[in-house]
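All chains, full assembly: derive it from the sequences and hints.
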Amino acid sequence: MKVKTIRFTFVVLGLMLMVSGLLSSNKASAATEPVYEKNDISLTNSGLDITETLSPLLNGNDQTIIVRFKSDNSNALQALIGLSNNNKGYQNNYFDIYMRNTGELGIELRDSNQAINYQVSRPAALWGKSKGVEHYNTIAFVANSEAKSYTLFANGTKIVEQKVSDFKGINEITGMNAINIGGVNRAGKLAFNFSGEINSLKVYNESLNDQVLESATIESDLPVQIFKANDETGANYFRIPSLYTLNNGRILASADARYGGTHDFLNKINIATSYSDDNGATWATPRLTLAFEDFANEPIEWPRGPGDRDLKISGGATFIDSVMVQSPKDNKVIMMADVMPAGIGFSAANRSDSGYKQINGKYYVKLKKTGETAYNYTIRENGVIYNDTTNEPTTYGVDGHYGLMENGKYLKVEQYSAEFKDGVKHEYHNGTFVNMNIFYKDALFKVVPTNYIAYTTSDDNGTSWSEPTLLPPVMGLDHNAAYLGPGKGTVVSTTGRIIFPAYTGADVVYIYSDDNGLTWAANSVKLPSGWSAEAQIVEINSGVLQSYMRTNNGKVAYMTSTDGGDTWGAPQYLDFINNPGYGTQLSIIKYSQLIDGQEAVILSTPNATNGRRNGQLWTGLIDKANNTINWKYHYDVDYSNYGYSYSAVEELPNHDIGLFYEKFDSWSRNELHMKNVLPYTSLTIDQLLN
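If you use mature numbering (1 follows the signal peptide of the UniProt record, and there is no 0), the sequence shown corresponds to residues -30 to -1, 1 to 660, in order.
For the record, the hints were derived by calculation from the structure and aren't laboratory data.
Treat the hints loosely; a few may be bogus.
Listed next, with one range per pair, are the computed distances between beta-carbon atoms [to be verified]:
#, residue 1, residue 2, range
1, Ala85, Ser190, 35 to 45 Å
2, Gly401, Asp280, 25 to 35 Å
3, Leu447, Ser135, 53 to 63 Å
4, Ser44, Lys299, 17 to 27 Å
5, Asn357, Phe546, 58 to 68 Å
6, Asn596, Thr433, 39 to 49 Å
7, Lys133, Asn357, 50 to 60 Å
8, His396, Gly59, 41 to 51 Å
9, Ser115, Glu376, 31 to 41 Å
10, Asp369, Pro276, 35 to 45 Å
11, Ala85, Lys133, 51 to 61 Å
12, Ser115, Phe546, 52 to 62 Å
13, Asp429, Val103, 57 to 67 Å
Quick list of in silico lysine-lysine cross-link-like pairs, PhoX-like style, CA-CA up to 25 Å [said to hold, decoys possible]:
#, residue 1, residue 2
14, Lys40, Lys118
15, Lys128, Lys118
16, Lys128, Lys395
17, Lys99, Lys602
18, Lys40, Lys8
19, Lys128, Lys391
Glycine is no exception: its CB is placed at the ideal position from the N, C-alpha and C atoms.
Structure follows, in structure tokens:
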């Protein structure tokens, strides 16, 4: 009894101390009242002077400002609130919380008298509009004198924190004598004018904590995030969306779960999936469908500052760029993804080696044993590793995930973690041991350092998935695998042929199966040097396919096949789409219902030359007599300056259109490592046509 009493006392004491700490700390109290609050302000470049009201209330060096607003996006640079010295000659003495018409959110704190000029910002932080209606955004700014930091939150996410050596409170600006909502008074004139609505503005004389502000800034009317930073996948970053509506009405979604920022290579990347059974209203808990374990699935905060943002994980084994299809013969779902061994990126992959060896007419994955110089081993039937010099089985083998075993017992390898301390990247063994794998850098047997393609299948509509299988060398023994065009595969209605689009950098490649995925082959089409890349296929007529692809000439190209993908015509271009020279992946589908009495397709693409921006959905009416498309309607997804990169468009069971896309410029170095920028939304056909 005494033991129980002591244990209970310690528990209660611990709880009392924890609660006491939360209640006594002005950094944490959610019940704190603002010293100033103003609601329902409508501004059209006029601003609202609140100097006399707010100035006497500002005390100390710690402040929190929370603003809920929506802007009509008419001005390139707008201030939500500004504190300044409005005398002539002091125009660079001010603080403001600002937004740009690209979705960037930031603060400036400038004091020319003390040579201070701080700018803290994050692009793609704000939501613009969807379905023609401007979104509300809720943001928060924190000045914390103890931490010497300035922090911004937006819509439930902490988006940036910057520490400084010479901290200055926002009310310490030399000569500060003006406070304005919707602008900054510089030398007697309002600058950075705001146009829109400020639903609520609250000011606190303390720095509220992260948890309070993440909760206080949640905005309810924003699009769904199927995959979100630090969800069950353990990732902070997601790219490469894919959608597929199954025959039973379930909608499958997949994306890259990226751990070392949003980098392609080198990185640690797994493929995450989820599904919806209610037309995209709700989504199942995300899962990792294709994943390696050589690096831990941890939500690393990747730096965004110049120089540091280019740092990469030295290279975990990676699955990347998923593409899905469902066979109408047996409803089997097939998902493919590129596979990269540890430390191998696009440029480092051996282009003259498939990673396979042919023995007695069969293809086997070849391996090199640590300490040896040649690939003297192959994985044969039942996963047994053979010594090819003796043609005898060894005591080693692999399981269905390519995990290494000796005498049936798994070999182990210590897992890696990555982190940043004091601005320095560290990769280290974390004490966790996982099954050794032929794709890991510390493996006893390793694959050829080139790229591969793996596929996994599901017989229960994406609820569970098979072990991955490596695609055979469809490009030939002396050629690395092609790279997949992420998104959707195609099943040709006349033949049942399954096609996955891919590319090499010189060719567009069509990986296909004519026996429902039992065997695979490929055909390649030579294109102008250097510009073949991700493609998507749509069947516009019985057996008539069109393949739309990214180029390096600022255009979207397309080719037509009238024989189910055996041969392809010369490339043509969509003259109404303009992209930067490096191009962007696109998405296209055939719509099941008639539009204006004709069959139709829907294309999703950015349409801008100043980056991956200005997302648009184009609806084209099919002329079946000539196998041509009249691109009659277009819909603007967001404001023209807002980011829009890789996307997936899909028809939902209720015939609405699902849209899953990257809401940022994923090419821009300034927009690397963005969190929670992979939204999902749905649109009616009437919205697309009007």
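Here is what the structure says about each hint:
1. Ala85 <-> Ser190: 35 to 45 Å: Given a distance of about 43 Å, which is inside 35 to 45 Å, the answer is holds.
2. Gly401 <-> Asp280: 25 to 35 Å: Because 29 Å falls inside the window, the suggested range holds.
3. Leu447 <-> Ser135: 53 to 63 Å: holds, 59 Å
4. Ser44 <-> Lys299: 17 to 27 Å: violated, 54 Å
5. Asn357 <-> Phe546: 58 to 68 Å: 60 Å Cβ-Cβ, so the 58 to 68 Å window holds.
6. Asn596 <-> Thr433: 39 to 49 Å: With Cβ atoms ~43 Å apart, the hint holds.
7. Lys133 <-> Asn357: 50 to 60 Å: holds, 57 Å
8. His396 <-> Gly59: 41 to 51 Å: Holds: the Cβ-Cβ distance is about 48 Å, inside 41 to 51 Å.
9. Ser115 <-> Glu376: 31 to 41 Å: Given about 59 Å between the Cβ atoms, the range is violated.
10. Asp369 <-> Pro276: 35 to 45 Å: holds, 44 Å
11. Ala85 <-> Lys133: 51 to 61 Å: Hint violated: Cβ distance 18 Å, outside 51 to 61 Å.
12. Ser115 <-> Phe546: 52 to 62 Å: At 54 Å between Cβs, range holds.
13. Asp429 <-> Val103: 57 to 67 Å: violated, 42 Å
14. Lys40 <-> Lys118: With Cα atoms ~30 Å apart, Lys40 and Lys118 exceed 25 Å; violated.
15. Lys128 <-> Lys118: holds, 17 Å
16. Lys128 <-> Lys395: With Cα atoms ~21 Å apart, Lys128 and Lys395 stay inside 25 Å; holds.
17. Lys99 <-> Lys602: Judged against 25 Å, a Cα distance of about 23 Å means the pair holds.
18. Lys40 <-> Lys8: Roughly 15 Å separates the two Cα atoms, so the pair holds.
19. Lys128 <-> Lys391: At roughly 19 Å apart (the allowed maximum being 25 Å), Lys391 and Lys128 satisfy the hint.
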